[in-house]
Amino acid sequence: MSIRMEQIQPIIDHEYAYLMAERPHWSLTKGDQDLELVAHALRVLLHMKTAPQHPDEYLALVDCQHADGGWGKMSSEKTSAAWVTAFCALMLIRGNLSLKNPRIAESVRKCVRYFLDTQKEDGKWSDPSWADLDAVSHPVSFFDVLMAVGPNLVDAPTMVRVRDSWRKGMKFMLERQDADGGWYDPEFHPTGVEITAHLIQDSIVADLVLGDEHQVRNCCQKGVMKLLSVQAADGSWDGENVDHTMDCTRSIMLVCSILGTRAQCDRTIERGLEWILKHKCEKGWPDFPGMETNLERTCDGLDTLLKYKTYSQPVTTALVKLWGYAA
Amino acid sequence: MIFLAKASEIPEGERKLVKVNGVDVAVFRQGGRFYALNNACPHRQGPLSRGTVEAAAEGAGCFVRCPMHGWRFDLATGDSNGRPANATVYAVDQRGEELYIEI
Numbered sequence: 001m002s003i004r005m006e007q008i009q010p011i012i013d014h015e016y017a018y019l020m021a022e023r024p025h026w027s028l029t030k031g032d033q034d035l036e037l038v039a040h041a042l043r044v045l046l047h048m049k050t051a052p053q054h055p056d057e058y059l060a061l062v063d064c065q066h067a068d069g070g071w072g073k074m075s076s077e078k079t080s081a082a083w084v085t086a087f088c089a090l091m092l093i094r095g096n097l098s099l100k101n102p103r104i105a106e107s108v109r110k111c112v113r114y115f116l117d118t119q120k121e122d123g124k125w126s127d128p129s130w131a132d133l134d135a136v137s138h139p140v141s142f143f144d145v146l147m148a149v150g151p152n153l154v155d156a157p158t159m160v161r162v163r164d165s166w167r168k169g170m171k172f173m174l175e176r177q178d179a180d181g182g183w184y185d186p187e188f189h190p191t192g193v194e195i196t197a198h199l200i201q202d203s204i205v206a207d208l209v210l211g212d213e214h215q216v217r218n219c220c221q222k223g224v225m226k227l228l229s230v231q232a233a234d235g236s237w238d239g240e241n242v243d244h245t246m247d248c249t250r251s252i253m254l255v256c257s258i259l260g261t262r263a264q265c266d267r268t269i270e271r272g273l274e275w276i277l278k279h280k281c282e283k284g285w286p287d288f289p290g291m292e293t294n295l296e297r298t299c300d301g302l303d304t305l306l307k308y309k310t311y312s313q314p315v316t317t318a319l320v321k322l323w324g325y326a327a
Numbered sequence: 001m002i003f004l005a006k007a008s009e010i011p012e013g014e015r016k017l018v019k020v021n022g023v024d025v026a027v028f029r030q031g032g033r034f035y036a037l038n039n040a041c042p043h044r045q046g047p048l049s050r051g052t053v054e055a056a057a058e059g060a061g062c063f064v065r066c067p068m069h070g071w072r073f074d075l076a077t078g079d080s081n082g083r084p085a086n087a088t089v090y091a092v093d094q095r096g097e098e099l100y101i102e103i
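Protein sequence lines correspond, in order, to chains A and B. Note that my numbering numbers the first sequence so that position 160 is 160, with each residue one more than the last. Note that my numbering numbers the second sequence so that position 9 is 9, with each residue one more than the last.
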């Protein structure tokens with residue numbers, strides 16, 4: 001690998017200090033917040049392994065959960081939405097691996113009920129803010145983690161329902177992959193880059209459960225090849241989109257590690273990361289080069305560096321754990 | 001009314017990002033007409049000035065698609081066609097070579 005850890009670690013330290021200094025702008029302990037930003041920040045705490053120092057942040061998320069088990073875009077919002085609920089649920093189930101708090105465990109059970117209650121007959125979850133494929137992939141990812149690390153959180157009959165629901169959601173995703181390996185939504189994502197990056201990392205776990213039933217490995221490999229083919233010469237994706245470049249870089253790390261195709265992808269990952277490092281602001285990352293820094297992107301940037309740090313180690317299971325797909 | 005830009009600064013089919021009273025305004029010139037929208041997409045604040053402009057068939061309007069998560073807005077009205085929020089649009093007043101908006 002041409003990017004050295006001595007180069008990465010000071011940036012991680014610097015950016016984490018910046019994120020913590022910006023706590024009034026993302027912490028639920030400080031007031032009403034955008035929950036997608038909160039979830040992004042909680043993921044950084046998880047991957048920095050500092051969640052045990054901040055149980056109040058996770059409990060504050062429990063405090064604004066709705067009776068139906070969901071959350072809205074803002075913590076003060078009363079209507080639940082699938083995408084943000086899945087992101088919050090993922091942070092709670094993963095955070096509770098170290099926090100072991102019964103209130104968080106009960107909150108996760110409410111999340112499970114929310115997703116079981118709101119899935120459509122065809123296997124999807126709908127969220128007017130997101131493409132159907134994105135809205136499906138996040139609850140599927142939550143169920144991925146639940147099945148991997150939290151089967152004792154719910155009773156056996158509920159777990160049977162979870163597996164059935166997960167299977168329907170996964171089928172919805174896998175059956176909609178295009179012949180070229182990408183996933184597209186004409187309404188939201190004509191280029192398909194971000195959806196494809198999300199779906200390959202959420203699908204790869206199915207390989208461990210479904211075997212050859214849906215040729216998951218083949219689907220994910222095709223998805224990776226699609227992303228490799230649309231990376232720009234400068235290392236970015238989707239018209240210098242920092243968010244989508246981080247999505248692709250992270251996702252390819254996980255999937256190629258599991259598929260055993262790292263040699264094929266190493267240079268793509270490095271080029272993506274080099275571009276990400278080149279376009280950071282003095283503090284944090286912008287949505288596009290030259291723009292002001294953005295806290296959510298900063299969380300994504302930190303997450304990408306932390307995942308690269310793990311990717312650079314030879315043990316694949318460490319990387320799988322970092323996605324929450326193993327205890 | 002506040003001065004926005006000179007018309008000649010935005011050639012046909014182009015766009016410009018202008019800060020007006022501390023607000024980032026994305027100005028588009030399409031079909032000889034100027035459109036001004038708040039640059040922040042109401043979804044996740046993606047920069048609409050970096051979006052893709054799309055024209056509807058048979059001259060039924062022009063749209064900009066946010067580069068972050070693909071929400072699409074009518075340049076003239078800000079309508080998002082059923083998404084949870086619309087874009088904020090500002091009426092553009094062209095006075096000869098100069099463009100003005102009210103914020």
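Don't read these hints as lab results, they were simulated from the structure. Just so you know, not all the hints are guaranteed correct.
[What the hints assert, rightly or not] Quick list of the computed label-pair ranges, beta carbon to beta carbon: (1) A:Gly290 / B:Pro11: 17 to 25 Å; (2) A:Gly72 / B:Ile2: 31 to 39 Å; (3) A:Asp13 / B:Leu17: 32 to 40 Å; (4) A:Ala67 / B:Pro11: 51 to 59 Å; (5) A:Arg262 / B:Ala55: 37 to 45 Å; (6) B:Ala56 / A:Ala21: 21 to 29 Å; (7) B:Gly22 / A:Gly290: 16 to 24 Å; (8) B:Thr77 / A:Gly239: 52 to 60 Å; (9) A:Thr29 / B:Val23: 24 to 32 Å; (10) A:Ala232 / B:Glu14: 17 to 25 Å; (11) A:Leu97 / B:Pro11: 26 to 34 Å.
Note that the coordinates shown come from a computational prediction; the quantities given were computed from them, not determined experimentally. Even for Gly, the Cβ is constructed at its ideal location relative to N, Cα and C.
Hints and how they fare:
{"no.": "1", "hint": "A:Gly290 / B:Pro11: 17 to 25 Å", "in the structure": "holds (21 Å)"}
{"no.": "2", "hint": "A:Gly72 / B:Ile2: 31 to 39 Å", "in the structure": "holds (35 Å)"}
{"no.": "3", "hint": "A:Asp13 / B:Leu17: 32 to 40 Å", "in the structure": "holds (33 Å)"}
{"no.": "4", "hint": "A:Ala67 / B:Pro11: 51 to 59 Å", "in the structure": "holds (54 Å)"}
{"no.": "5", "hint": "A:Arg262 / B:Ala55: 37 to 45 Å", "in the structure": "holds (44 Å)"}
{"no.": "6", "hint": "B:Ala56 / A:Ala21: 21 to 29 Å", "in the structure": "violated (46 Å)"}
{"no.": "7", "hint": "B:Gly22 / A:Gly290: 16 to 24 Å", "in the structure": "holds (19 Å)"}
{"no.": "8", "hint": "B:Thr77 / A:Gly239: 52 to 60 Å", "in the structure": "violated (26 Å)"}
{"no.": "9", "hint": "A:Thr29 / B:Val23: 24 to 32 Å", "in the structure": "holds (30 Å)"}
{"no.": "10", "hint": "A:Ala232 / B:Glu14: 17 to 25 Å", "in the structure": "holds (22 Å)"}
{"no.": "11", "hint": "A:Leu97 / B:Pro11: 26 to 34 Å", "in the structure": "violated (56 Å)"}
Going through the hint list in order, the structure does not satisfy hints 6, 8 and 11.
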